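S.K.: Go by the hints and put chain B onto chain A.
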Amino acid sequence: MTQYQEKAAVIRIERLSGDNVRLTFDCPDIAAAASPGQFVMIRVGTGNDPLLRRPFSIHQTDEDGHLQVYFKVVGRGTGMLAAVREGAEVSILGPLGRGFQVADSPACLVGGGLGMAPLLFLARKLSQLKRDRSRDTIILGGRTSSEVEPLVKDFEEFGMTVVATTDDGSYGQRGFVTAAFSSLSLPSPCTVYCCGPEPMLAGMSVLCRTRGYSCQVSVESVMACGMGACLGCSKPNRDGGYVHVCVDGPVFDAEEMAWNI
Amino acid sequence: MEYLKGDVQIPDLRVNIGPLSLANPVMTASGTFGYAREFESLLDLGRLGAIIVKGISLHPRSGNPPPRIIETASGMLNAIGLQNVGVDRFIVEKIPYLGTLGVPIIVNILGDSLDEYRHITEKLSACEVVAAIEINISCPNVKKGGVAFGADPAMAAAVTRTVRETTSVPVIVKLSPNVTDVTVIAKAVEEAGATAVSLINTLIGMAIDLKRRRPALANVCGGLSGPAIKPVALRMVYQVAQAVSIPVIGIGGIATAEDALEFMLAGATAVQIGTANFVNPRACEEVIDGIGDYVLQEKLASVREMIGALQVG
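Protein chains in written order, with my numbering: chain A, 1 to 261; chain B, 1 to 313.
Chain A extracted, bound-state conformation:
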């Protein structure tokens, strides 16, 4: 797989809610090569501190060479990236990792919090394939309205059923995405694509196994290189060994993982 290191200009900055930011880059090589579920490593500064690039899932690309990331400001690195100005250039490395394996069966996309970021790219891809979309479902969940509401209309574009949940009930159904998923009657077979915090992924993995659905999970990890060189992003697997999020994932078959919850 070919990767690129591009100097990408920031062409749009959207503050979708308090701490949640969406950036659009002019990044044609990576945008053209990317598939849903893959990620990029972005250098947030130019000096030695912070030193390492930060991993971001690819939120969306378009045919004009644009690439979007959607993230929450959680520390100094994301803070610096959120403070970038339109027209500034940042170094982006990608596309990296193994993304979602798109199946023909009806799809259920489940995103928790920032985990909904890569699902927009996946939903677009699924909508472009010649397949029946009427039985596809998207479940988007977060702690509160500001984490969910801003993205709902983007997901509604694809003609799939969208279900929203919030922990505090401020938007959509009150409760976790796992509860919303359990209450749905989904077709069988069904392929479930998940991204979100590990407890959610572990919960989805159990629910899918019980129902006989195939389940793909996108996991996250601290990373240094993003390309299989440092071996820093290990996660335990079912065989008692480790997988590396950057090259073996970030999307895994849920049955491969050993959850440490």
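Keep in mind that the hints were calculated from the coordinates and are not lab data.
Hints are not guaranteed to be accurate.
Quick list of simulated restraints, FRET-style, between CB atoms [unchecked claim]: (1) Gly-102(B) / Ala-179(A): 54 to 62 Å; (2) Asp-104(A) / Cys-221(B): 45 to 53 Å; (3) Pro-189(A) / Pro-60(B): 32 to 40 Å; (4) Leu-129(A) / Val-8(B): 34 to 42 Å; (5) Arg-12(A) / Glu-40(B): 29 to 37 Å; (6) Gln-311(B) / Asp-62(A): 53 to 61 Å; (7) Cys-221(B) / Asp-49(A): 54 to 62 Å; (8) Arg-211(A) / Ser-62(B): 29 to 37 Å; (9) Ala-73(B) / Leu-16(A): 26 to 34 Å; (10) Pro-60(B) / Arg-12(A): 40 to 48 Å; (11) Ala-88(A) / Pro-60(B): 57 to 65 Å.
With a straight-line Cα cutoff of 25 Å, these simulated SDA-like cross-link-like pairs (lysine to any residue) come out [unchecked claim]: (12) Lys-211(B) / Arg-143(A); (13) Lys-72(A) / Ser-221(A); (14) Lys-153(A) / Leu-16(A); (15) Lys-299(B) / Leu-265(B); (16) Lys-125(A) / Asp-62(A); (17) Lys-153(A) / Asp-26(A); (18) Lys-7(A) / Lys-299(B); (19) Lys-125(A) / Glu-63(A); (20) Lys-7(A) / Lys-187(B); (21) Lys-7(A) / Leu-265(B); (22) Lys-7(A) / Leu-43(B); (23) Lys-125(A) / Val-163(A); (24) Lys-72(A) / Thr-2(A); (25) Lys-72(A) / Ser-35(A); (26) Lys-211(B) / Asp-19(A); (27) Lys-211(B) / Val-222(A); (28) Lys-211(B) / Ser-221(A); (29) Lys-211(B) / Gly-79(A); (30) Lys-125(A) / Asp-64(A); (31) Lys-72(A) / Met-1(A); (32) Lys-211(B) / Lys-125(A); (33) Lys-7(A) / Glu-285(B); (34) Lys-7(A) / Lys-211(B).
Since this is a predicted model, take the numbers as computed values, not measurements.
C-beta atoms are modelled at their ideal positions from N, C-alpha and C, and glycine is treated no differently.
M.R.: Quick look at chain B alone, frame taken from chain A:
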């Protein structure tokens, strides 16, 4: 040499590590460049002075539990735990590709015992592609290996002698900075037949997650690398270069041509680029280009004029 107007000037960047001739002094540091193929679409591997691959042990190792890495001020800590595919799989799966690159391939080896070092060396010596062996006597992450050999002059010499007697290729000994006097170890391995020494390996460090009141790394301690360690590395290279007469290879926080040239002034014949590969996969090529530009700008006949040319006092 005089150049006519319009001539393309090609800087002489060649250096020698004992009998090993390198097209330029820039190598990849073990453990920061995988088995090279990971980087093939991002830089021209054929331009590297040498490639040093991820440390290899006799048997595969699965490494430490996560978290294995944490960023620190201008650097990072790692406790990967020497994860690698083992020497047999390395020879079958990695060597054929490495052999196509046309640059010297140096294999970093590690072991728990002299026997283990001897066995790995025997297996690697049978591969024509292996241009040199670098012995890791200093990795601080695995409790039984590493530090015990690297911190004791007699043990460091014993490992060096074992490998030296088992192979005819150049033997580079990678020194640990986690010792009272690195020159004592350097002299011991020179005496034992090392072709060259490389330094520094990572400095043992620690980071704490205040919120969870736990160590940031599952292994508690890890190896510090990156720009943060460059001054320590420069000092040790400078000291060792004066203490031994074999070539010294400088490692520690090198990210730019200026960094590399400073190490050469301090006495390094060549350099290794490590953590910078994670941040900028093209770092090695940019350093090679930058050294070349410097050699031309300063009108040096060869980059070798820089080795140990530091003026003190």
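S.K.: With reference to the structure, classify each hint as holding or not holding.
M.R.: Results for each hint:
About 59 Å separates the C-beta atoms of Gly-102(B) and Ala-179(A), a value consistent with the hinted range of 54 to 62 Å. Restraint check, Asp-104(A) to Cys-221(B): a C-beta distance of roughly 50 Å satisfies the suggested window 45 to 53 Å. Remark: the range hint 32 to 40 Å for Pro-189(A) to Pro-60(B) is upheld by a beta-carbon distance near 37 Å. Distance hint check: the CB atoms of Leu-129(A) and Val-8(B) are about 52 Å apart, inconsistent with the given range 34 to 42 Å.
Taking 29 to 37 Å as the suggested C-beta distance range, the pair Arg-12(A) and Glu-40(B) conforms, at roughly 33 Å. For the hinted restraint 53 to 61 Å between Gln-311(B) and Asp-62(A), the CB-CB distance of approximately 57 Å keeps it satisfied. Range check, Cys-221(B) to Asp-49(A): about 22 Å between beta-carbon atoms, so the 54 to 62 Å window is missed. For Arg-211(A) paired with Ser-62(B), a C-beta distance near 33 Å keeps the hint of 29 to 37 Å intact.
For Ala-73(B) and Leu-16(A), the Cβ-Cβ distance of about 32 Å falls inside the hinted range of 26 to 34 Å, so the restraint holds. Against the hinted window of 40 to 48 Å, the Cβ-Cβ separation of Pro-60(B) and Arg-12(A) comes to about 47 Å, which satisfies the hint. In this structure the hint that Ala-88(A) and Pro-60(B) lie 57 to 65 Å apart at CB is violated, the actual value being about 45 Å. Using a Cα cut-off of 25 Å, the hinted pair Lys-211(B) and Arg-143(A) holds, with the two alpha carbons roughly 21 Å apart.
A C-alpha spacing of about 15 Å is found between Lys-72(A) and Ser-221(A), which places the hinted pair at or below 25 Å, so the restraint holds. Restraint check for Lys-153(A) and Leu-16(A): the C-alpha separation of about 12 Å stays at or below 25 Å, so the hint holds. Between the alpha carbons of Lys-299(B) and Leu-265(B) the distance comes to roughly 16 Å, so the proposed pair stays at or under 25 Å and holds. Among the hinted pairs, Lys-125(A) with Asp-62(A) is consistent with the structure: their alpha-carbon atoms are about 11 Å apart, no more than 25 Å.
Distance hint between Lys-153(A) and Asp-26(A) is fulfilled; the C-alpha atoms sit about 23 Å from each other, no more than 25 Å. Pair hint Lys-7(A) plus Lys-299(B) does not hold up; C-alpha atoms about 33 Å apart against a cutoff of 25 Å. Taking the CA atoms of Lys-125(A) and Glu-63(A), the gap is about 12 Å. The hint holds against a cut of 25 Å. Only pairs whose Cα atoms come within 25 Å are accepted, and Lys-7(A) paired with Lys-187(B) is rejected, the gap being roughly 46 Å.
With a C-alpha separation of about 33 Å, the suggested pair Lys-7(A) and Leu-265(B) falls outside the 25 Å cut-off, and the hint is violated. Straight-line distance between C-alpha atoms of Lys-7(A) and Leu-43(B) comes to about 15 Å, which keeps the hinted pair within the 25 Å bound. Our distance criterion of 25 Å between C-alpha atoms is met by Lys-125(A) and Val-163(A), whose separation comes to about 19 Å. As the CA atoms of Lys-72(A) and Thr-2(A) are separated by approximately 29 Å, the hinted pair breaks the 25 Å bound.
For the proposed pair Lys-72(A) and Ser-35(A), the alpha carbon gap of about 22 Å is at most 25 Å, so the pair holds. Taking the CA atoms of Lys-211(B) and Asp-19(A), the gap is near 21 Å; set against the 25 Å cutoff, the hint holds. For the suggested pair Lys-211(B) and Val-222(A), the alpha carbons sit about 17 Å apart, so the restraint of at most 25 Å is met. For the hint pairing Lys-211(B) with Ser-221(A), the CA-to-CA distance comes to about 18 Å; that is within 25 Å, so the pair holds.
For the proposed pair Lys-211(B) and Gly-79(A), the alpha carbon gap of about 19 Å is at most 25 Å, so the pair holds. With a CA separation close to 16 Å, the supplied pair Lys-125(A) and Asp-64(A) stays within the 25 Å bound. A hinted pair counts as satisfied when its Cα atoms are at most 25 Å apart, and Lys-72(A) with Met-1(A) does not qualify at roughly 29 Å. In summary, the hint linking Lys-211(B) to Lys-125(A) is not supported, as the alpha carbons are separated by about 40 Å, beyond the 25 Å threshold.
In summary, the hint linking Lys-7(A) to Glu-285(B) is supported, as the alpha carbons are separated by about 17 Å, within the 25 Å threshold. Among the hinted pairs, Lys-7(A) with Lys-211(B) is inconsistent with the structure: their alpha-carbon atoms are about 36 Å apart, more than 25 Å.
The structure is inconsistent with the numbered hints 4, 7, 11, 18, 20, 21, 24, 31, 32, 34, although it conforms to all the rest.
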